[in-house]
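*Asks:* Protein sequence lines, in the order shown, are assigned to chains A and B.
All letters in the first sequence, in the order written, are residues 18 to 293 by the numbering used here.
All letters in the second sequence, in the order written, are residues 23 to 430 by the numbering used here.
If you are wondering where the hints come from, they were derived from the structure by calculation, not from laboratory data.
Note that the coordinates shown come from a computational prediction; the quantities given were computed from them, not determined experimentally.
The beta-carbon is built from N, C-alpha and C at its ideal position, and this holds for glycine as well.
Fair warning: there could be bad hints in the mix.
From chain A, some residues computed to sit far from chain B (all C-beta separations above 12 Å) [to be verified]: (1) LYS19; (2) PRO20; (3) ARG27; (4) GLU99; (5) GLY160; (6) ARG223; (7) ARG236; (8) ARG255; (9) ASP262; (10) ALA290.
In silico BS3-like links for lysine-lysine, alpha-carbon gap of 30 Å or less [to be verified]: (11) LYS245/A with LYS206/A; (12) LYS19/A with LYS321/B; (13) LYS287/B with LYS321/B; (14) LYS19/A with LYS46/A; (15) LYS245/A with LYS259/A; (16) LYS152/A with LYS241/A; (17) LYS46/A with LYS321/B; (18) LYS46/A with LYS287/B; (19) LYS236/B with LYS259/A; (20) LYS19/A with LYS287/B.
The primary structure of each chain is shown beneath.
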Amino acid sequence: MKPVNFDYARPGDVAGALRLISDEDHTVKIMAGSQSLGPMLNMRLVQPDLVVDITGIAELRDVGDGADAIVIGACVTHADFEDLRVPDVTRGALPSVARGIAYRAVRNRGTIGGSITHADPSADWISILAAVGGKVTLQGPAGSRTVAVEDYMLGALEADLQPGEMLVSVTVPKLSASARWGYYKSCRKTGEFAHAIGSFMVDPERGVSRAVVGATESRPYVFKDARKLIGDGKSDLRLDSKLADELVEAEGMADPINRQTHVAALRRAIERAQTA
Amino acid sequence: MNMVNLTINGKEANAACEPRTHLADFLRETHNLTGTHIGCEHGVCGACTLLVDGVPTRSCITFAVACEGAAVTTVEGLDNDEIATELRAAFSREHGLQCGYCTPGMLVSARDVILRMQDPTEHDIRVIMSGNLCRCTGYVGITRAIQSVIADRRARGIAAIPEGGRSRLGPAGSGNSGAASARASGSKVTAVASERKAPTAATRPAVRKDDGWKPQTTFTQSFTVAHPVDVVWDFFGRVGEVASCLPGASLAGEPVDGHVEGQIKVKVGPISAEFHGVADIARDDATRTGTIDGTGKDKRSNSATRGRIGYTVQEGNDPGATQVDVTIGFTLTGMLAQFSRSGLVQDVANRLIAVFVQNLEAKLTHQAGGGNGADAPPVITEFDAGSLMSSVIIGQIKRFFAKLFRRS
């Protein structure tokens, strides 16, 4: 359970990190809090020649406030959200979900950028950020680009990173005062990876109604216009379970029990939000 | 070896270590602080939990070199800590330990609960402590010990500090020092060239046959290509071309008596493997069925795989179309087998096959248009889904799946 002997570099800025990961002759891995990569290194599933630690880059540990969104550096931790060191603009959605990620000792080092880029289908950030309409910004040799969180994840453990590119920040829109959200994950044991995730966000003022079925075998299923599925948020929300089942099946989930678990997770996300 | 400087239990300390040395090993091996216990060594059991910059951290999945300049407190450093002192008395009183292996991690996590949570219920405590495992099933005693210390402290008017006193953003232990780099002894960055030479024949496993081998995992896939059945059957006989449709695969040469050597590179997220191996190929023109038996080894991860691919080529439902049924059975052993979440393997296999079908279709179309099949560049030559599958291609594959695949 010891990693292979890798070289280590801790660049002081993004340009330095990009220079290091542009090395095509060696296996180079970016590391932030090491809470996903650490276990994979220890088990030698990952055997890099060079590990680039990006936590020394000050701008990646920063939060910027904009008019209708906040921009969170890639190395901001789950505990930073939980403890409100990151200002909450989501009516409690992100702090609440952060509180349920793994365990406190993991949350003190695990980062939002690392979790999204690791792209485990069962991880929490991808599902809740897809629901609130989060975006990621990537920087690479060709400049920077911004994509929706759900498009950034391509499949199990695959993020849309071009060679030499890295995630630098996550953008979260400010929800309006009438916005509601819900999140439910089905786990057999507290803190373990979820078997099914349901999540939604309705913001009638901004005309948004989004629903997410996560912890699939691959990318989350994101219903960007979920008015028919859950409602528009102007009145009580109600899940159309039959439609949900059809939509989830159309996305490729063939097993009926698996579908039922996922639809139930979405229903609970809505029910619990109603009573909250 | 590189020098790492920390403040350990209030004193400045340093020692040389490899970049791969995790914090728990660093403390135990270079400072004899064996109070930090190592259990699962992949962040699950919580035995190694200690304080880094004042907050609980898993020291088995945190590298010492990444904590340069950080303040580390181990269980040895909690002797005079007020909460820890009260906790030790409560653990004794409530029988919160038996063998003691989990106790250092339990004390650190319990101290954090008492510090941060004002008035947790028993359920809250069980949830927040769920990242620390005890095999003597001492949870009842542990929970009671925490409850009693909290009740006592709140009665004395000591309030909780919800954020645990941390004001800085970013991973605990990081951001205490500037840019740096550290080289591993025998660094691969210089040694890599010699490692890259092709494996010798002696290291290649031979295909074993008829030894009653059964694959661990089997799945079947069907797809349809819009080309006549004779053309597709002929194409499947040209092994080199078939291999070139499979992303990441290449052959060492043309097959001799149905025996061929080759390699396939697969990259899934941070995991990359390069399997070198041999395959035996058999075809039956009468029934238009074929089998490929292969074994391969990935030297880097010391993993081995053995597989059998069976395929049947028959006329499709539409005139001029061909249906191909593929059965893939495989067994994976070694390091990579630890990563055995079947859903993920299936997702990767689906994506791999989707690209294969896309390449096959492109080649056959090129060939039908009068081109030499061997000249046609495959659409995708390396399976690295991360960098290759743009959203456009994903859309294509989705439509492809919807139209062509019937998942069994």
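*Asks:* Run every hint past the structure and note whether it holds.
*Replies:* So, going through the hints one by one against the coordinates:
no., hint, result
1, LYS19, "7 Å, violated"
2, PRO20, "4 Å, violated"
3, ARG27, "5 Å, violated"
4, GLU99, "9 Å, violated"
5, GLY160, "17 Å, holds"
6, ARG223, "24 Å, holds"
7, ARG236, "9 Å, violated"
8, ARG255, "29 Å, holds"
9, ASP262, "17 Å, holds"
10, ALA290, "20 Å, holds"
11, LYS245/A with LYS206/A, "33 Å, violated"
12, LYS19/A with LYS321/B, "17 Å, holds"
13, LYS287/B with LYS321/B, "12 Å, holds"
14, LYS19/A with LYS46/A, "17 Å, holds"
15, LYS245/A with LYS259/A, "11 Å, holds"
16, LYS152/A with LYS241/A, "14 Å, holds"
17, LYS46/A with LYS321/B, "19 Å, holds"
18, LYS46/A with LYS287/B, "18 Å, holds"
19, LYS236/B with LYS259/A, "41 Å, violated"
20, LYS19/A with LYS287/B, "24 Å, holds"
The structure fails to meet hints 1, 2, 3, 4, 7, 11, 19 from the earlier list, while all remaining hints are met.
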